[in-house]
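Colleague: Here is what each chain is made of, one letter per residue.
Number of protein chains: 2
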Amino acid sequence: MCKRNLEVCFSPAVFHRFENRGAIVVIIDVLRASSAICTAFANGAESIIPVAEVEEAREFKKRGYLVAAERDGYVLDFADFGNSPYNFTPEKVAGRTIVYSTTNGTRIIDISSSSYATVIGSFLNLSALSGWLVSQKKDIILFCAGWKDKFSLEDTICAGAFAEKVLESGSFYTICDSVHAAMDLWSLARDNPMDYLEKAAQRSRLRDKGLDDCIPYCLKTDITNNIPYITEGVLKLMPVTGYPET
Amino acid sequence: MCKRNLEVCFSPAVFHRFENRGAIVVIIDVLRASSAICTAFANGAESIIPVAEVEEAREFKKRGYLVAAERDGYVLDFADFGNSPYNFTPEKVAGRTIVYSTTNGTRIIDISSSSYATVIGSFLNLSALSGWLVSQKKDIILFCAGWKDKFSLEDTICAGAFAEKVLESGSFYTICDSVHAAMDLWSLARDNPMDYLEKAAQRSRLRDKGLDDCIPYCLKTDITNNIPYITEGVLKLMPVTGYPET
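Protein chains in written order, with numbering that gives the first Met the number 0: chain B, 0 to 245; chain A, 0 to 245.
Derived by calculation from the structure, the hints in this document are not laboratory data.
Be careful, since some hints might not be right.
What the hints assert, rightly or not - Each computed PhoX-like pair below joins lysine-lysine, with the alpha-carbon atoms no more than 20 Å apart:
no.: 1; chain 1: B; residue 1: K164; chain 2: B; residue 2: K198
no.: 2; chain 1: B; residue 1: K137; chain 2: B; residue 2: K2
no.: 3; chain 1: B; residue 1: K208; chain 2: B; residue 2: K198
no.: 4; chain 1: A; residue 1: K2; chain 2: B; residue 2: K198
no.: 5; chain 1: B; residue 1: K2; chain 2: A; residue 2: K136
no.: 6; chain 1: A; residue 1: K164; chain 2: A; residue 2: K208
no.: 7; chain 1: A; residue 1: K136; chain 2: A; residue 2: K2
no.: 8; chain 1: A; residue 1: K198; chain 2: B; residue 2: K198
no.: 9; chain 1: A; residue 1: K137; chain 2: B; residue 2: K164
no.: 10; chain 1: A; residue 1: K208; chain 2: A; residue 2: K198
no.: 11; chain 1: B; residue 1: K147; chain 2: B; residue 2: K91
no.: 12; chain 1: B; residue 1: K137; chain 2: B; residue 2: K164
Said to hold, decoys possible - Label pairs and their in silico Cβ distance ranges:
no.: 13; chain 1: A; residue 1: G169; chain 2: B; residue 2: R20; range: 43 to 51 Å
no.: 14; chain 1: A; residue 1: K208; chain 2: B; residue 2: S46; range: 45 to 53 Å
no.: 15; chain 1: A; residue 1: D207; chain 2: B; residue 2: R16; range: 19 to 27 Å
Unchecked claim - Negatives, chain B to chain A, calculated, CB over 12 Å:
no.: 16; residue: R20
no.: 17; residue: L65
no.: 18; residue: G81
no.: 19; residue: K136
no.: 20; residue: D148
no.: 21; residue: E167
no.: 22; residue: A181
no.: 23; residue: R202
no.: 24; residue: V239
The beta-carbon is built from N, C-alpha and C at its ideal position, and this holds for glycine as well.
Hey, can you work out the whole structure from these sequences and the hints?
Modeller: Structure representation (structure tokens):
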């Protein structure tokens, strides 16, 4: 069987260089969009509508939707809550459709909409998503959200953890330096990711705003088997029967 | 004294996010433009005119200039030689002005022309350039050339080596995740960079074309004290009296 290609993209500004319509794109925004989305589905959310613009989120709110929206870590005044995974409790989200607007996360969902499939990856669904990725006969692009186009350590070590798991299957090859860098950084971080990320800029940004309480949770592996994916612009839970288009 | 900011940029596609007109930009293209440029000056070159376009290089050749030009590792038919530092021998380059066109290197020289100063960094001039950078009262952006906007391991570990040296001075701070990643990868590579780069895509590309003979040379540290810098679009040797604009 032909091996499939594994790549890591460190920045939305470079994603156009990875264009591969046959690939599955894994969006990784560990602090905090990916982790929040995985948590929402783990707690029973029906679907999530990602929106890029504040005004769009405000319009949805007027129409009665539950809205999670923030910019640069601050909850927008009209929103029901912000971006912390702790907000997406079963009481709030079970059975609901949530409109979700963040600084980074929705932007890269938009960018990657032309790929074969787009799924959400975090430490929280690491093993389940890795297993599914291996089961598909597709190339993979692990797409780190970063921060305003810049490289981020937390997304990179998570990409390294995914890369390690899918390469272990023997079904993939890589000629991508970013894959090696991500795995090497993960090798340094894996024993204590919380300590490793002490130097990460996003950790300082969240701490400065008193929003860093959720970081240990976001670094937990395998608290859910859910795989969020994008279909017609909306995030849904992957059916147990598999990705609908396969 | 106010500490200065140190950043690493992993891709020309992200450089606009680092814009800082007060900063010194260090262009790092280890395999092979930076190494070739440092070698040319070490061997007595008078100046180097970087050009981005093949046709521009051809015009210079017609006017009698010595031309080093290649694309994707292949020497262009009209050029005197290509991009290997081994081509820039004293016999060929001493006292001469060389027109230099490469896949990556000249492009980022162009991008960075709006900064306070632009210098060329490689392992070959690591200590000399680091010492000069520390002596200046300026922010620093270590700018990795990469490959077609993608991340490259060899440029990153070199940026990590520079970052380590300038941070040791105590005169710099960083809140840039790329700096930490580059230093962490350098920590894994430093004992044997040649072994570490076995997995690097550029090493395979050069090997496939029989152009990898110069890699051990490009990974040598401190074979020259020369600091090439750009002035009015031309690469010159930094005068011993220091950067002219300071």
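Colleague: For every hint, state whether the structure bears it out.
Modeller: Outcome of the hint check:
| no. | hint | in the structure |
| --- | --- | --- |
| 1 | K164/B with K198/B | 25 Å, violated |
| 2 | K137/B with K2/B | 9 Å, holds |
| 3 | K208/B with K198/B | 16 Å, holds |
| 4 | K2/A with K198/B | 18 Å, holds |
| 5 | K2/B with K136/A | 51 Å, violated |
| 6 | K164/A with K208/A | 34 Å, violated |
| 7 | K136/A with K2/A | 9 Å, holds |
| 8 | K198/A with K198/B | 27 Å, violated |
| 9 | K137/A with K164/B | 43 Å, violated |
| 10 | K208/A with K198/A | 16 Å, holds |
| 11 | K147/B with K91/B | 30 Å, violated |
| 12 | K137/B with K164/B | 15 Å, holds |
| 13 | G169/A with R20/B: 43 to 51 Å | 50 Å, holds |
| 14 | K208/A with S46/B: 45 to 53 Å | 50 Å, holds |
| 15 | D207/A with R16/B: 19 to 27 Å | 20 Å, holds |
| 16 | R20 | 18 Å, holds |
| 17 | L65 | 33 Å, holds |
| 18 | G81 | 23 Å, holds |
| 19 | K136 | 24 Å, holds |
| 20 | D148 | 5 Å, violated |
| 21 | E167 | 16 Å, holds |
| 22 | A181 | 9 Å, violated |
| 23 | R202 | 10 Å, violated |
| 24 | V239 | 36 Å, holds |
Hints 1, 5, 6, 8, 9, 11, 20, 22 and 23 from the list above are not met by this structure, while the remaining hints are.
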